[in-house]
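Undergrad: Sequence:
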Amino acid sequence: MSQDQNSAPLHGVTLEIIVTKLNDHYGWDRLGQMINIRCFQSEPSVKSSLKF
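By the working numbering, the letter at position 8 of the sequence shown is numbered 18, and the numbering carries on one by one without gaps.
It should be emphasised that the hints constitute simulated quantities derived from the structure, not laboratory data.
Yeah, the Cβ is synthetic: ideal placement off N, Cα and C, and Gly gets one too.
Just to be clear, a hint being listed does not mean it is correct.
What the hints assert, rightly or not - Pairwise CB distance ranges, derived in the manner of DEER restraints:
no., residue 1, residue 2, range
1, 17, 51, 17 to 23 Å
2, 61, 16, 30 to 36 Å
3, 22, 61, 20 to 26 Å
4, 48, 28, 16 to 22 Å
5, 16, 53, 36 to 42 Å
6, 19, 55, 22 to 28 Å
7, 47, 16, 28 to 34 Å
Said to hold, decoys possible - DMTMM-like, lysine to aspartate or glutamate: derived pairs with alpha carbons at most 20 Å apart:
no., residue 1, residue 2
8, 57, 34
9, 57, 26
10, 61, 26
11, 31, 53
12, 61, 39
13, 57, 39
Assemble the whole structure, with the sequences as input and the hints as a guide.
TA: Written out as structure tokens, the structure reads:
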């Protein structure tokens, strides 16, 4: 690995991990209020968010 990859804070963090942590922290209802994206508002799930 190069030095740049080692110091990158999101290196190795997948979008699935990010969406899951956001849901754990805020919940789908709050995410839908904060971010006007249908996948957070109508039948939200990690799977639908990743397809978006």
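Undergrad: Each of the hints needs a verdict: does it hold here or not?
TA: Now for the hints, and whether the structure bears them out:
Distance hint check for residue 17 and residue 51: the Cβ-Cβ separation is about 36 Å, which falls outside the suggested range of 17 to 23 Å. Taken as a hint, the range 30 to 36 Å holds for the pair residue 61 and residue 16, whose Cβ atoms sit roughly 31 Å apart. Remark: the range hint 20 to 26 Å for residue 22 to residue 61 is upheld by a beta-carbon distance near 22 Å. Checked against the given bound of 16 to 22 Å, the beta carbons of residue 48 and residue 28, roughly 18 Å apart, stay inside it.
Checking the proposed 36 to 42 Å range against residue 16 and residue 53 shows it holds: the Cβ atoms sit about 39 Å from each other. Hint check: residue 19 to residue 55, Cβ distance near 26 Å, so the stated range 22 to 28 Å holds. Restraint check, residue 47 to residue 16: a C-beta distance of roughly 32 Å satisfies the suggested window 28 to 34 Å. Pair hint residue 57 plus residue 34 holds up; C-alpha atoms about 15 Å apart against a cutoff of 20 Å.
Only pairs whose Cα atoms come within 20 Å are accepted, and residue 57 paired with residue 26 is accepted, the gap being roughly 8 Å. Of the supplied pair hints, the one linking residue 61 and residue 26 holds, its CA atoms being roughly 11 Å apart against a limit of 20 Å. Distance restraint check for residue 31 and residue 53: the Cα-Cα separation of roughly 18 Å lies within the 20 Å cut-off, and the hinted pair is therefore satisfied. A hinted pair counts as satisfied when its Cα atoms are at most 20 Å apart, and residue 61 with residue 39 qualifies at roughly 19 Å.
For the given pair, residue 57 sits about 16 Å from residue 39 by alpha-carbon distance, which is consistent with the 20 Å threshold.
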